[in-house]
Amino acid sequence: MTAVVEKLTPKDFSSDQEVRWCPGCGDYSILKQVQTILPDLGRPKEEFVFISGIGCSSRFPYYMDTFGMHSIHGRANAIATGLKATRPELSVWVISGDGDSMSIGGNHFIHMLRRNPDINLLVFNNQIYGLTKGQYSPTSEQGKVTKSTPMGSIDYPFNPIALSLGADGTFVARTMDRDPKHQQAMIRRAYDHQGTSLVEIYQNCNVFNDGAFEIYTEKSSKKEQTLMMEHGKPLVFGENNDKGIKLDGFKPIIVDLNDSSVNDLWIHDEEDLVKATILSRFYDDPAKGDHFPRPFGVFYVNNHKDTFDKLFNDQMAYAKEKLGKGDLDKLIAGKETWVVN
Amino acid sequence: MTAITDKDLESVVIRFAGDSGDGMQLTGTQFTNATALHGNDLATFPDFPAEIRAPLGTLAGVSGFQIHFGSTQINTPGDQSDVLVAMNVAAFKVNIKNLKKGGVIILNSDGFDSKNLRLANVPEDQNPINDGSLTDYDVKLVDVTKITRAALADSGMTTKEIDRCKNMFVLGLVYWMYHRPIENTLEFLRTKFKKNEAVMNANIKVLNAGWNYGETTEMFANRYTIAPAKMESGVYRGIMGNQAAALGLISASVKSGLPLFYGTYPITPASDILHDLSKYKNFDIKTYQAEDEIAGICAAIGAAFGGHLAVTGSSGPGIALKGEAIGLATMLELPLVILNIQRAGPSTGMPTKTEQADLNQAMFGRNGECPVVVLAAQSPSDCFTLAYEACKIALQHMIPVFFLSDGYIANGAEPWKFPNSADLEPINVSFAKERAATDDKFMPYFRDEKLSRPWAIPGTKGLEHRIGGIEKQNVTGNISYDAANHELMTHLRQEKVDKVADFIPLQTIDSGEESGDLLLLGWGGTYGALRTATAQLIAEGYKVSHAQVRYINPFPKNLGEILGRFKTVVVPELNNGQLVKIIRDKYFVDAIPYNKIQGLPFMSHEVIAKIKQILD
Ligand SMILES: Cc1ncc(C[n+]2csc(CCOP(=O)(O)OP(=O)(O)O)c2C)c(N)n1
Ligand code: SF4
Ligand SMILES: [Mg+2]
Chain F
1 MTAVVEKLTP KDFSSDQEVR WCPGCGDYSI LKQVQTILPD LGRPKEEFVF
51 ISGIGCSSRF PYYMDTFGMH SIHGRANAIA TGLKATRPEL SVWVISGDGD
101 SMSIGGNHFI HMLRRNPDIN LLVFNNQIYG LTKGQYSPTS EQGKVTKSTP
151 MGSIDYPFNP IALSLGADGT FVARTMDRDP KHQQAMIRRA YDHQGTSLVE
201 IYQNCNVFND GAFEIYTEKS SKKEQTLMME HGKPLVFGEN NDKGIKLDGF
251 KPIIVDLNDS SVNDLWIHDE EDLVKATILS RFYDDPAKGD HFPRPFGVFY
301 VNNHKDTFDK LFNDQMAYAK EKLGKGDLDK LIAGKETWVV N
Chain Y
1 MTAITDKDLE SVVIRFAGDS GDGMQLTGTQ FTNATALHGN DLATFPDFPA
51 EIRAPLGTLA GVSGFQIHFG STQINTPGDQ SDVLVAMNVA AFKVNIKNLK
101 KGGVIILNSD GFDSKNLRLA NVPEDQNPIN DGSLTDYDVK LVDVTKITRA
151 ALADSGMTTK EIDRCKNMFV LGLVYWMYHR PIENTLEFLR TKFKKNEAVM
201 NANIKVLNAG WNYGETTEMF ANRYTIAPAK MESGVYRGIM GNQAAALGLI
251 SASVKSGLPL FYGTYPITPA SDILHDLSKY KNFDIKTYQA EDEIAGICAA
301 IGAAFGGHLA VTGSSGPGIA LKGEAIGLAT MLELPLVILN IQRAGPSTGM
351 PTKTEQADLN QAMFGRNGEC PVVVLAAQSP SDCFTLAYEA CKIALQHMIP
401 VFFLSDGYIA NGAEPWKFPN SADLEPINVS FAKERAATDD KFMPYFRDEK
451 LSRPWAIPGT KGLEHRIGGI EKQNVTGNIS YDAANHELMT HLRQEKVDKV
501 ADFIPLQTID SGEESGDLLL LGWGGTYGAL RTATAQLIAE GYKVSHAQVR
551 YINPFPKNLG EILGRFKTVV VPELNNGQLV KIIRDKYFVD AIPYNKIQGL
601 PFMSHEVIAK IKQILD
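So the protein sequences, as listed, match chains F and Y.
Okay, so the first sequence: first residue is 1 according to the working numbering, each after it adds one.
Okay, so the second sequence: first residue is 1 according to the working numbering, each after it adds one.
Simulated from the structure, these hints should not be mistaken for lab results.
Please note that the accuracy of each hint is not assured.
[Unchecked claim] Pairs of lysine-lysine, DSBU-like flavour, derived with a Cα cap of 30 angstroms: (1) Y:K195 <-> F:K335; (2) Y:K441 <-> F:K335; (3) F:K305 <-> Y:K279; (4) F:K320 <-> Y:K281; (5) F:K305 <-> Y:K281; (6) F:K322 <-> Y:K7; (7) Y:K205 <-> F:K335; (8) Y:K441 <-> F:K32; (9) F:K45 <-> F:K305; (10) Y:K230 <-> F:K335; (11) F:K322 <-> Y:K441; (12) Y:K230 <-> F:K320; (13) Y:K195 <-> F:K322; (14) Y:K101 <-> Y:K7; (15) F:K11 <-> Y:K433; (16) F:K45 <-> Y:K230; (17) F:K7 <-> Y:K433; (18) F:K32 <-> F:K222; (19) Y:K192 <-> F:K330; (20) F:K325 <-> Y:K7; (21) Y:K281 <-> F:K325; (22) F:K322 <-> Y:K192; (23) F:K325 <-> Y:K205; (24) Y:K279 <-> F:K330; (25) Y:K230 <-> F:K310.
Bound-form chain F, shown alone (with noise of 0.2 angstroms):
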């Protein structure tokens, strides 16, 4: 193709909607990364659509100047489905939130996954109901204290990536609204991706859920808590990059780097599964003494498995091809007919 597409800016990205999620909210800075990448993917702004269901996170789709849908709870999956699988051209976005994907749409949820249509989710996890003002979440922490849960929530949480690996997911990545380089690398890597890609973004609720990840985000404790995986480097972390992780056959173990040579640490591999669901139970409730840091970046991609629209549109191609286009007289006419004078 010659075709020269002008390029977009991320203005060009941005509706004539005024934004209303509360000031300071983590859903600014996840809209801002979205239409900072969209003008350096070279597509033409129409081959866009973004598809939400409900919930502060959903209203998304109205604040990009592409085509969008603000659907209904839980079932921006299932429509996004069905428009991938008939219009594959299409760069088709999912924008969703814990409760939406993990609750009331916790069917869908999995079951894109396990198609795999190339569609990127983006799933805003914020640990709570931010529209309906501060119900506990399926992402909730147990004992959370909510308008709902006056004596603490008694539900155990979901482990969202654990849930995606456990579908099947072919890409799955987690990342933070406080970390806009880290989600623009994210976002970018699961548009390339050729499958459904999860992207598990850390948002805070600044209202109900205020610092829920602050352990992760802030200066102070990131680097303590958090491991930043990178495909092929050793897993490293801690304020001086002085720790790191070491596999002892299948079980993980923090090791202090000032004793402990870099060349034993367990390299990042995406391609491994076991690795990936080893990785994705570092899920430790971090206020508890012993616990692993907190991984971020792609813990498993799966670059083998063909997407849902391919193997559904190359079904309708063999068809067409084996049987040629349909004769509609013939088929209403079916096989036996007679005739009456």
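Assemble chain Y with the ligands onto chain F, guided by the hints.
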């Protein structure tokens, strides 16, 4: 040898009944095809158990297939049967009450042994074969199992395999009795068992054995001829309702030039539409079996947004799940066809039984003011016409359209003088055109004279816009909580439905005079029974007419005026009174409800009795 005499009959009702493993549906379908090819008019009623493999020989496992055929017009599968074929005691017990006095019973004697008696809960001393209870009937006792086994003794097949051919013996015998052509079944067996010649030959052999049995034993004094019906000239085929619906959808896809997307989740009695459509990928028919009904309709909404002819289908329980998404489609003002093949009862109800109790659900079953177009097919072949019509209205008015059918017409069959695709009304669709940066801003909720908005599909330059379930400002499509705008939009969505009345045919009287003492106003699958009843009442001198409403929301413009021409209006429905309430409310007519809620269709004699009771 006694001579066998041929008798002419005007019409016959035969009921094949056996265990669900006995192949009665196949037997019935084959007999139907042969009868259609012979040129009779016909109607069928398959009546199968809810369980796929109910315990062998039990009452729960009985599967029946009724066919009514004749040289005159046939509207229903018949109230009672003239002939009952019963493969075992259970099948006999379930179906004997519907056999006419003096009717023929063909009994498979092997199915009346002590084991079968026990399974059907019939005491040993009440075996109908020899307890003297069948003196009112013409009983033919045939040892189907024994003869089949003998015929295939050196086939090398196992007893189990051999016993599976029993239904072909029965079919051959009944073919002989009614002078049916056997060729189409031979052809069917050759194709079906192409890869297994032994089984093919065995079935053919047993089919012929059945025929010869009639010819050579002296059990049958009569054979029957039923002359071809005097039907409108033309080319015909046999059609079942679900098949017809699928063909209607495919035709609409071809005629509109849009690929079809069918998003659904399996459910009785709608699944066959999915099975059918999934075979026609080369027609650009795309089927999607989703994880649930909500995902089925949502995927269809995604496909509609993308510019496909989008259809979702289910039965009542699934439609209940789709409610919120139907509301979304109404707000998005996208074309969407929703098929409801109704079954009986709330919740799971009676999946394999028929009812018309989802009209209220189609009309009102959503939150907020959420009107949609509602059509209801009246017969198996009408499913074609109305499925096509549903697509046409959805596409041309940018609106969700309900297509209602029911288990009775979905699985029932009739001859169909099918149309030429060239004669189908055109379906013109156009997408909004691309815009340059210098053009005026695109207005996604700008309306045309039908009040429908432009279909602006992703991928079109300059048309970037957002739609959603939150109330929209008219014209711009921006989110709006403005009080006056919400009222305006509510009215617009209603008017959009009302406007469809300008584009649909006027209501006609199906039979009877244009005015009179009583109008039978039906809808959906009750058509045949009401038509038969009306003919009978007219023949007896009653001033009765019959009209069947196929367009329910909006009604044809002249419906009120028609109602006014009759002294009494009766609305028979297989529910607790749904259409009747809408009619009373809309036209202030003191219409009389007539309801049956048994999971079964109306019998025409019941309707006749009811109307006489009202009039006499
Ligand atoms: C069918 C339905 N049930 C409930 C709601 C109410 N509701 C709207 S958003 C929401 C939860 C949103 O939480 P989440 O997905 O985490 O999004 P957030 O607002 O936190 O971004 C609920 C319960 C609804 N809109 N629709
Ligand atoms: S309620 Fe929370 S998530 Fe919603 S906009 Fe406000 S800060 Fe953001
Ligand atoms: Mg949330």
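message = Going through the numbered hints above, which ones does this structure break? Give me the numbers in ascending order.
response = Hints 2, 6, 11, 12, 16, 20, 23, 25 not satisfied by this model.
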